[in-house]
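*Asks:* In order, the protein sequence lines correspond to chains B and U.
Note that the numbering used here numbers the first sequence so that position 144 is 144, with each residue one more than the last.
Note that the numbering used here numbers the second sequence so that position 112 is 112, with each residue one more than the last.
Since the hints were made in silico from the structure, they are not lab data.
Incorrect hints may have been included.
Stated by the list, open to error - Here are the in silico distance ranges between beta carbons for each label pair:
id, chain 1, residue 1, chain 2, residue 2, range
1, B, 63, U, 101, 22 to 28 Å
2, U, 168, B, 210, 39 to 45 Å
3, B, 146, U, 168, 43 to 49 Å
4, U, 37, B, 53, 40 to 46 Å
5, U, 193, B, 59, 27 to 33 Å
6, B, 187, U, 169, 26 to 32 Å
7, U, 92, B, 189, 48 to 54 Å
8, U, 101, B, 53, 18 to 24 Å
What the hints assert, rightly or not - Sample of chain U residues facing chain B (criterion: CB under 7 Å; computed from the structure):
id, residue
9, 48
10, 80
11, 84
12, 127
13, 131
Treat the numbers as computed from the prediction; the structure is a model and nothing was measured.
The beta carbon of each residue, even a glycine, is placed where N, CA and C say it ideally should be.
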Amino acid sequence: MEHVDELIPAHALRSLDLADEQAVEAHLAVCDRCRRQLAEFEAVAATLAYAAPPAAPPPALRDSLLSAIQPVVEAPAVAARPERGSFWSRLALVSAPALAALVLALGIWNLSLRSDLDSTKEQLAAGSVVHLSGVGNVVWKDGQATLYADIGPAPAGKVYEAWVIRGGTPIAAGTFDGGGRTELQLDRAVAGGDTVAVTVEPAPGRDQPTGKPIAAGRL
Amino acid sequence: MTAGPPQENPKTEHLSDHGLLALVARGDTEAFARLYDQYSEAAYSLALRVVRDRELAADVVQEAFLAVWNQARTFDVRRGQPSTWILTVTHNKAVDTVRREQRRRTEPIVEGQEGTDPGPPADERAWLGMTRQRVRQALRQLPDPHREVLELAYFAGFSQSELAERLALPIGTVKSRTFAAMTALRAELGKAGVTLEDEWNTSTS
Numbered sequence: 001m002e003h004v005d006e007l008i009p010a011h012a013l014r015s016l017d018l019a020d021e022q023a024v025e026a027h028l029a030v031c032d033r034c035r036r037q038l039a040e041f042e043a044v045a046a047t048l049a050y051a052a053p054p055a056a057p058p059p060a061l062r063d064s065l066l067s068a069i070q071p072v073v074e075a076p077a078v079a080a081r082p083e084r085g086s087f088w089s090r091l092a093l094v095s096a097p098a099l100a101a102l103v104l105a106l107g108i109w110n111l112s113l114r115s116d117l118d119s120t121k122e123q124l125a126a127g128s129v130v131h132l133s134g135v136g137n138v139v140w141k142d143g144q145a146t147l148y149a150d151i152g153p154a155p156a157g158k159v160y161e162a163w164v165i166r167g168g169t170p171i172a173a174g175t176f177d178g179g180g181r182t183e184l185q186l187d188r189a190v191a192g193g194d195t196v197a198v199t200v201e202p203a204p205g206r207d208q209p210t211g212k213p214i215a216a217g218r219l
Numbered sequence: 001m002t003a004g005p006p007q008e009n010p011k012t013e014h015l016s017d018h019g020l021l022a023l024v025a026r027g028d029t030e031a032f033a034r035l036y037d038q039y040s041e042a043a044y045s046l047a048l049r050v051v052r053d054r055e056l057a058a059d060v061v062q063e064a065f066l067a068v069w070n071q072a073r074t075f076d077v078r079r080g081q082p083s084t085w086i087l088t089v090t091h092n093k094a095v096d097t098v099r100r101e102q103r104r105r106t107e108p109i110v111e112g113q114e115g116t117d118p119g120p121p122a123d124e125r126a127w128l129g130m131t132r133q134r135v136r137q138a139l140r141q142l143p144d145p146h147r148e149v150l151e152l153a154y155f156a157g158f159s160q161s162e163l164a165e166r167l168a169l170p171i172g173t174v175k176s177r178t179f180a181a182m183t184a185l186r187a188e189l190g191k192a193g194v195t196l197e198d199e200w201n202t203s204t205s
């Protein structure tokens, strides 16, 4: 396996160009050693934050943020037992994010804080939303789920593949190429408790995932 | 940070960041507030430095902390310290914003910003002030070209190819200089007494 050591510090600075960034991400998904290296250089990069001119955040930000995260409904109970087994069976135990955090969803980045709760209610009416970090959001309602992805293009010869994971078993649910905003209606029915995950697979996609997900979220 | 309820909370008072984050993962809003109080100033200062606009910086910090709330359950302790994660998430969102807005600026990071210390003396504030001093101290030890690539990459959001263009250097030189700068910074941070290791992981790694 070819490691990506020489690119990791730049990745920690978020300074890689897209092609390098994708190559590094793809490698990190399968390499513990390079992930540890990245963690180390991320710690170095993060200290640079303390070289920024000191500025106090507006007090209103704290209040708004704390009111935005008050749960609008009770979050589902967490399965607390750690479970040995494959990554995929463990993934099924990743719990649902609190519904209040839905304000992150749908790429609405500049929501005014004051409208957060209203927006959350609107999104709940449209369906439930789960954020897949770095990929996009899944909106689901009545057993149908749609992935709204906003992610760079898949590496040459690869596609992104969505999976519905139930009881630790991933079921292929569609592929897409990335490189902009993509709307993918998952071709598997979903239910609460399912996990939706996205992996990078050799084109035109596989029946079973060949690597770990680049993102996952529980419905 | 300057307003808001008193920070004394018997439940979260003595918890490590990892402990706080574990509570946040279970939906504990008090633990979340405490993490916010500890790191919002560093995050906001970073965001403001990158996006150069108070409103955008507040948006960035809001997004970042919502992501922390949202994704605390998937935080992997092997990633290191929660504070690194929080600041990395903030930095990513700030860079996304600045690339979207084409708003990058290139003021130097060390000069001219010493010692505005707004709040009352408190443990957190003392720690923050000390960390700032040590990081600046470490940066001052770096050769100018190293400091320059770190400034332009981290605060101005330049990619490696953009750096090559701006500095009129071959891309290979930019890549090796970035690598060397980060390696040198790591060494200088160690000498300046900035802890990079994670107390959770030192025994296992």
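*Asks:* All hints, please: hold or fail.
*Replies:* Checked hints:
1. B:63 / U:101: 22 to 28 Å: Once the Cβ atoms are compared, 26 Å apart, the range 22 to 28 Å for residue 101 of chain U and residue 63 of chain B holds.
2. U:168 / B:210: 39 to 45 Å: holds (43 Å)
3. B:146 / U:168: 43 to 49 Å: The hinted range 43 to 49 Å holds for residue 146 of chain B and residue 168 of chain U, with Cβ atoms some 47 Å apart.
4. U:37 / B:53: 40 to 46 Å: violated (20 Å)
5. U:193 / B:59: 27 to 33 Å: Holds - the Cβ-Cβ distance for residue 193 of chain U and residue 59 of chain B, about 32 Å, lies within 27 to 33 Å.
6. B:187 / U:169: 26 to 32 Å: violated (49 Å)
7. U:92 / B:189: 48 to 54 Å: The hinted range 48 to 54 Å is violated for residue 92 of chain U and residue 189 of chain B, with Cβ atoms some 34 Å apart.
8. U:101 / B:53: 18 to 24 Å: holds (19 Å)
9. 48: Hint on residue 48 of chain U: holds, closest Cβ of chain B at ~5 Å, below 7 Å.
10. 80: This interface hint holds because 5 Å falls under the 7 Å limit.
11. 84: Check passed: Cβ of residue 84 of chain U comes within 4 Å of chain B, closer than 7 Å.
12. 127: violated (10 Å)
13. 131: holds (5 Å)
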